[in-house]
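Sequence lines, in order, name chains Y and Z. Just so we're aligned, residue 1 is where the first sequence starts under the working numbering, counting upward by one. Just so we're aligned, residue 1001 is where the second sequence starts under the working numbering, counting upward by one.
No lab work stands behind these hints: they were computed from the structure. Any given hint could be a false lead.
Straight-line Cα separation of at most 30 Å, DSS-like style, residue types lysine-lysine; simulated pairs [claimed, not checked]:
id: 1; chain 1: Y; residue 1: 37; chain 2: Y; residue 2: 50
id: 2; chain 1: Z; residue 1: 1014; chain 2: Y; residue 2: 68
id: 3; chain 1: Y; residue 1: 68; chain 2: Y; residue 2: 98
id: 4; chain 1: Y; residue 1: 26; chain 2: Z; residue 2: 1009
id: 5; chain 1: Y; residue 1: 68; chain 2: Y; residue 2: 26
id: 6; chain 1: Y; residue 1: 98; chain 2: Y; residue 2: 37
Residues per chain are reported as follows:
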Amino acid sequence: QQPVQSPQAVILREGEDAVINCSSSKALYSVHWYRQKHGEAPVFLMILLKGGEQKGHDKISASFNEKKQQSSLYLTASQLSYSGTYFCGTERPSNDYKLSFGAGTTVTVRA
Amino acid sequence: NAGVTQTPKFQVLKTGQSMTLQCAQDMNHEYMSWYRQDPGMGLRLIHYSVGAGITDQGEVPNGYNVSRSTTEDFPLRLLSAAPSQTSVYFCASSYSEGTEQYFGPGTRLTVT
Chain Y
1 QQPVQSPQAV ILREGEDAVI NCSSSKALYS VHWYRQKHGE APVFLMILLK
51 GGEQKGHDKI SASFNEKKQQ SSLYLTASQL SYSGTYFCGT ERPSNDYKLS
101 FGAGTTVTVR A
Chain Z
1001 NAGVTQTPKF QVLKTGQSMT LQCAQDMNHE YMSWYRQDPG MGLRLIHYSV
1051 GAGITDQGEV PNGYNVSRST TEDFPLRLLS AAPSQTSVYF CASSYSEGTE
1101 QYFGPGTRLT VT
């Protein structure tokens, strides 16, 4: 069962902030976040493990609410390079820890 | 260190033809996966392996076969290509569950 991502798309001006959400109806072991540019492979951003801490990568950070089985990715002071499609992936014990991806959120940052 | 490599980059098949997509990694990762990516549907898991000799089905396994005889290689076979298999295929590897997945550059497959 794939996680649900929202919103489907977001348009930002440079310097603005955005939040992307990822939720599951089943108990999670981990949440992964990847970014994909057009015509390229997905690139790893960060992973949040059950019981772990909030992660950060430059001005991109994420949180994991284990009780709600939800994760959020925070894009702060967005840059043009942040444009792309963001995917969350979830690992669940009930699915033998196979990574299942959401449908993606397309982020467009304009000057 | 080449990471994850995939061949070919592009392929056009006729309906009913068979072929093998190649995937190799040089990071000594035990876990390897095949995904297909279609517009608006994200990445869907086709087949999965947690080590040489061990494979398992993902969400969309029908029409595809895999085997894992070595740690490095994880080929994906299309048995009888159908237009519904037109997609971009990504191979990925990781050290274990709960760790970063490294993706190959992808194979763009068109079935006519």
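Check each numbered hint from earlier against the structure, then list the numbers of those it violates in ascending order.
-> Of the numbered hints, 2 and 4 do not hold.
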